[in-house]
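Asker: Starting from the given sequences, assemble the full structure and let the hints guide the process.
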Amino acid sequence: MTKTDFGYCDVLIGLQYGDEGKAKIVDYLAPRYDVVARFNGGVNAGHTIVTDRGKLALRQVPSAVAYEGQLMYIGSGCALSVADLQKELQSIADIGYSVSGRLFISPNSSLVLPHHIVLDKLHGAHVGTTGNGIGPAYADRAFRMRDGMITNIRARDLKADPTGVIRAAEKLLNQLEVEDSYREIGHQALERFRAAVEQVCGFVLESPTFLAEKVASGAKVIFEGAQSYMLDVVAGDVPYVTSSHTSVAAAYSGGDVPPKFHRYAFGVAKLIMSRVGNGPFPSEFGGERSREYCTKDEGLAHTR
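Read left to right, the sequence shown gives residues 1429 to 1732 (this note's numbering).
Hints listed in this document are in silico derivations from the structure and should not be mistaken for laboratory results. Quantities reported herein were computed from a predicted structural model and do not represent experimental measurements. Treat each hint with caution, since some may be false.
What the hints assert, rightly or not - Cβ pair distances, simulated, as ranges:
#, residue 1, residue 2, range
1, D1608, R1691, 51 to 61 Å
2, T1723, I1578, 35 to 45 Å
3, S1645, V1666, 37 to 47 Å
4, E1605, D1665, 30 to 40 Å
5, Q1627, G1524, 26 to 36 Å
6, D1480, Q1518, 13 to 23 Å
7, Y1721, T1591, 39 to 49 Å
Unchecked claim - Lysine to aspartate or glutamate pairs mimicking EDC-like chemistry, simulated, CA-CA at most 16 Å apart:
#, residue 1, residue 2
8, K1515, E1607
9, K1648, D1462
10, K1549, E1607
11, K1642, D1438
Note that CB positions come from ideal geometry on N, CA and C, so glycine has one too.
Answerer: Written out as structure tokens, the structure is:
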């Protein structure tokens, strides 16, 4: 195979604090590619697209749902919320689209477990998190093991032994010393997790080399960044940042493709910058004007 037989990867990221309208751009560009891939974040990202069949608010599934010739990939750098993904897949099916044979999940993506959601609701508000457990899931990826128990439970574990993962999730939840109200949140999350496992397992791959092999065989890929560069866990306004790397470079480690296949980088910005959550924001409207701008149409008015 010659070099010209290889495919390539382009990366699209936000240049501000999110809500720049990245999904709209990806939705426009998607027909030019074979695969649309996510490389970071999880259900804490909201990408809204408008299709001929209705509006879709996508949080984990890449923004290529409406193009039935395109594949979609959730990379190793993502934190996978199983119950939320099941709900998202149902919303996609409800308006007549299918992801069967099109959606693929890296076996190395880390799982967001019920105890992560509890911990996020307990401790995440002061930095403006979404409360969906993403930060604690990434923290457990770094911890690797605690008190003799593996904390970084991945999609590959779910596929290999779903019953064992459910038991582990329950054990990790029961180890938390929290008030009854938080424990109830955890048990509700556990039941949703349990109900979603079987469906989501069907999308998990055996090997993390899937996308690299596609590109080596000629596929064209666009990586769809979640959040934005100014929310990067290292380069952003620490501590008021997201829990993952949001840069162009992160697309290749989180998206499971060697960087030698990189072609272009696209940055998305909008004229009137906005920011949700806490953290410094020098150009903020302030008070009621900020509240109205950020909450109009359930916060989606300025993401299209």
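Asker: Are E1605 and D1665 spaced within 30 to 40 Å by their CB atoms?
Answerer: 32 Å, holds
Asker: Assuming the hint says 39 to 49 Å, is it satisfied by the Cβ distance from Y1721 to T1591 or not?
Answerer: 47 Å, holds
Asker: Assuming the hint says 37 to 47 Å, is it satisfied by the Cβ distance from S1645 to V1666 or not?
Answerer: 40 Å, holds
Asker: Need the status of pair K1515, E1607: alpha-carbon distance at most 16 Å?
Answerer: 28 Å, violated
Asker: Does D1462 sit within 16 Å of K1648, going by the straight-line distance between their CA atoms?
Answerer: Given pair K1648, D1462 holds - Cα atoms ~5 Å apart, limit 16 Å.
Asker: The hint says 13 to 23 Å between D1480 and Q1518; measuring C-beta to C-beta, is that right?
Answerer: 19 Å, holds
Asker: Assuming the hint says 51 to 61 Å, is it satisfied by the Cβ distance from D1608 to R1691 or not?
Answerer: Holds, at about 54 Å.
Asker: Would the hint linking K1642 and D1438 be met if the CA-CA limit is 16 Å?
Answerer: 14 Å, holds
Asker: The hint says 35 to 45 Å between T1723 and I1578; measuring C-beta to C-beta, is that right?
Answerer: 40 Å, holds
Asker: Does the alpha-carbon distance linking K1549 and E1607 stay inside the 16 Å limit?
Answerer: Holds, at about 12 Å.
Asker: Does 26 to 36 Å hold as the CB distance between Q1627 and G1524, or does it fail?
Answerer: 18 Å, violated
The structure does not agree with the numbered hints 5 and 8 stated previously, though it agrees with the rest.
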